[in-house]
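Residue numbers (full-length UniProt numbering), protein chains in the order written: chain A, 1 to 231; chain B, 1 to 231; chain C, 1 to 231; chain D, 1 to 231.
Any given hint might turn out to be false.
To be verified - In the DSS-like style, the derived pairs of lysine-lysine whose C-alpha atoms are separated by at most 27 Å in a straight line are:
(1) B:LYS146 to B:LYS132
(2) B:LYS158 to B:LYS132
(3) C:LYS132 to A:LYS221
(4) A:LYS146 to B:LYS221
(5) D:LYS84 to D:LYS4
(6) A:LYS221 to C:LYS146
(7) D:LYS146 to D:LYS177
(8) C:LYS221 to D:LYS146
(9) C:LYS221 to D:LYS132
Hints are computed from structural coordinates only; laboratory data are not their basis. No experiment lies behind these values; they were computed from the predicted model shown.
There are 4 protein chains.
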Amino acid sequence: MLEKLKEEVFQANLELPRQGLIKYTWGNVSAIDRESNLFVIKPSGVDYQVMRAQDMVVCDLDGNVVEGELNPSSDMPTHAVLYKNFLTIGGIVHTHSTWATIWAQAGLDVPAMGTTHADTFYGAVPCTRFLKQEEIDRGYEEETGKLIVATFEERGLKPLEVPGVLLHGHAPFTWGKDADSAVMNAVVLEEVAKMNLFTRQLNSFAEELPQAILDKHYLRKHGENAYYGQK
Amino acid sequence: MLEKLKEEVFQANLELPRQGLIKYTWGNVSAIDRESNLFVIKPSGVDYQVMRAQDMVVCDLDGNVVEGELNPSSDMPTHAVLYKNFLTIGGIVHTHSTWATIWAQAGLDVPAMGTTHADTFYGAVPCTRFLKQEEIDRGYEEETGKLIVATFEERGLKPLEVPGVLLHGHAPFTWGKDADSAVMNAVVLEEVAKMNLFTRQLNSFAEELPQAILDKHYLRKHGENAYYGQK
Amino acid sequence: MLEKLKEEVFQANLELPRQGLIKYTWGNVSAIDRESNLFVIKPSGVDYQVMRAQDMVVCDLDGNVVEGELNPSSDMPTHAVLYKNFLTIGGIVHTHSTWATIWAQAGLDVPAMGTTHADTFYGAVPCTRFLKQEEIDRGYEEETGKLIVATFEERGLKPLEVPGVLLHGHAPFTWGKDADSAVMNAVVLEEVAKMNLFTRQLNSFAEELPQAILDKHYLRKHGENAYYGQK
Amino acid sequence: MLEKLKEEVFQANLELPRQGLIKYTWGNVSAIDRESNLFVIKPSGVDYQVMRAQDMVVCDLDGNVVEGELNPSSDMPTHAVLYKNFLTIGGIVHTHSTWATIWAQAGLDVPAMGTTHADTFYGAVPCTRFLKQEEIDRGYEEETGKLIVATFEERGLKPLEVPGVLLHGHAPFTWGKDADSAVMNAVVLEEVAKMNLFTRQLNSFAEELPQAILDKHYLRKHGENAYYGQK
Chain A
1 MLEKLKEEVF QANLELPRQG LIKYTWGNVS AIDRESNLFV IKPSGVDYQV MRAQDMVVCD
61 LDGNVVEGEL NPSSDMPTHA VLYKNFLTIG GIVHTHSTWA TIWAQAGLDV PAMGTTHADT
121 FYGAVPCTRF LKQEEIDRGY EEETGKLIVA TFEERGLKPL EVPGVLLHGH APFTWGKDAD
181 SAVMNAVVLE EVAKMNLFTR QLNSFAEELP QAILDKHYLR KHGENAYYGQ K
Chain B
1 MLEKLKEEVF QANLELPRQG LIKYTWGNVS AIDRESNLFV IKPSGVDYQV MRAQDMVVCD
61 LDGNVVEGEL NPSSDMPTHA VLYKNFLTIG GIVHTHSTWA TIWAQAGLDV PAMGTTHADT
121 FYGAVPCTRF LKQEEIDRGY EEETGKLIVA TFEERGLKPL EVPGVLLHGH APFTWGKDAD
181 SAVMNAVVLE EVAKMNLFTR QLNSFAEELP QAILDKHYLR KHGENAYYGQ K
Chain C
1 MLEKLKEEVF QANLELPRQG LIKYTWGNVS AIDRESNLFV IKPSGVDYQV MRAQDMVVCD
61 LDGNVVEGEL NPSSDMPTHA VLYKNFLTIG GIVHTHSTWA TIWAQAGLDV PAMGTTHADT
121 FYGAVPCTRF LKQEEIDRGY EEETGKLIVA TFEERGLKPL EVPGVLLHGH APFTWGKDAD
181 SAVMNAVVLE EVAKMNLFTR QLNSFAEELP QAILDKHYLR KHGENAYYGQ K
Chain D
1 MLEKLKEEVF QANLELPRQG LIKYTWGNVS AIDRESNLFV IKPSGVDYQV MRAQDMVVCD
61 LDGNVVEGEL NPSSDMPTHA VLYKNFLTIG GIVHTHSTWA TIWAQAGLDV PAMGTTHADT
121 FYGAVPCTRF LKQEEIDRGY EEETGKLIVA TFEERGLKPL EVPGVLLHGH APFTWGKDAD
181 SAVMNAVVLE EVAKMNLFTR QLNSFAEELP QAILDKHYLR KHGENAYYGQ K
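Build out the structure end to end from the sequences listed, making use of the hints.
Here it is, written out as structure tokens:
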């Protein structure tokens, strides 16, 4: 069942430690098959040295396990909510990568301060509020997904234009058209989180990137007339 | 004698440089056999390239060498005191890992500022006071152990709920149910020490993690109804 | 066509990730043949794992592709302007390396604070102003090159004495007599950007390097009577 | 001539990039044979990939080349002055390692803030003043050595008790009983330079290590009754 997608998700999970985004098993990647509305996700707490593609778990959009002998990542219900509400996305990544997590702990949006940011994120990466006691009691992981969706709605953000978010006190989620691009967006978020923190320290009056340059860099890669890369 | 435990302790010591926690021989791991009340510890100052499992030294809870031709780690008496007083622990790690040592030198507890912390430590990791001249004269390494035990008693902390401590002006000790989990706790402490320092720098008003989220993350992994990982 | 130069440019591009200057394909190196006034540059957005020497693209000084089936780096017109105006240079590198980019985002020149800087850069590395809307509309990449040239003219700097620049809100460009030295200058700029940021944090009164030491270090390597290295 | 010492010096030089202390050829290690009063040092600016043990250059204490076809490191006269004046040392290392160089650029002594420091350095690592124009004119490298010697005399420091120094605006020199221990001392200095910078940032009121703990840690490794390591 979904063997090709399992292989993609498996490989994308292995990419997390290679990119320095996680230690041990602290992270998870999933990807969805929009035909069947089923998604594939890493099992919970399995050592990356012994994990195999066939250990990936298949789930539906209500957060039920459809196939797989292992428990899915405990964050699986968050993924389900995101796939259900963000219809343009195909892959999701969750890590506790150092610098993005620092911004999440600080409870601050990551502002667009340079073209490294603008090449991937069309504006600031938002930070949510803390989850509340009643949300935690109702279902922590599912409510985490709902809070992300609500944050994007309130701010009028399109998920593929700003493919990531920080959970206050927790860590980042990123997404993309597939598992691989979700991982790449996690790498970019981590890098700009580091650069922007030290930019602020070096010059507390540093300005955000002017809108004209933000537009140029985002649109030359992602706009209708994009001319970056090969055809 | 205790060959299996020697192998575990040997492997756990090799994990320290792999995880970037130590340079040269600046660290030590031990593990205890609660049946015989004997523990196995790394020899002092032996190059990791030539060290073998059979070089591990066996000691009793009064800090006597029971078996082994090499001197045990000079911190051995600290380990003995911890095993004697913290009856739930099975392994101990001492490193001078960069970021945890920075907090130790600053003389500050590492507060719980995010879920990365809460997944492992149920609250702040305490920092002791400096050792005094008379304690150093009486026996530096043994008194180090006693100071850790006294710190946990004064604060009403359970060793397995907060599996680590900082010695003011010195460095961290961590522990766990066995040598491997003590190493993993050292990795987590190092990571949260780094993240929390920069969280404070990024936002000096950053709040500690709300109790409800601290409870949720700690208990979903370590509580009675834990559901993280596989059964 | 220019096969030897293609190989040099190809190898210099591979050096960027090895030196930790780039992630993914975020960077580009070129080199010029001053006989034919043609330069060779990396193709745009091609994975470094599959890229080959023959994939390098040949361009002229007006920014036309002369040979090659792939699109050149989108920054190619910047390279063309630099080669056209800086007649002493033979290679150019563009990266978004972390610490140099932090200074670019902060909009600050990197001052000469130590001999590591003076061994390569004969004074501060300048940071340009932001590009303006009308420049972006006229041709972003070409205008980037013109802004660099104008900045060097205004400040009376010689390109080989100060072989690098920061674009405000963007990232560094470095250059040199050939592709390899342009890469080495990118490595030095990244390192001094890191060191100078923390020097300022450690001691906000830290002085710039005295002129006498700046002269000594720059000239013992690059002056008429240089005596560093082998003959 | 001095083949064994050449091999030791060669291997110690290779250790510098392995320990992350240098990039390219920015560093040098030497060691002395006190019988003949000749020392062996790395040649200047030779790529570490092609350098061989027999390329090491033999010099005397007046800074003359006694054997070798390549130019010695341009810092050779500094080494000569140190060997001539610090009669207890057997090896010298010079690097521009990041964090030690940051303190050198800041013009500040590295204070003893923890036991990592105290295990190797018996007190603060001093930072010299800047060299003056007339000293540079007289002979930059030789005067660098004289300034180090004068700094140790003024402060009443013993070279083997405080086996390192920072040159203001430049970088560290470390030394030891042989080439290997000089490299190890360079590693320790780099690590404590990093830790102490961030300790100050985390807690600007952080105290230096109490004298009793400094004594204990230094002397248990280096004192008459040292008990660290194996006999």
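Return the numbers of the hints above that this structure violates; sort them in rising order. none
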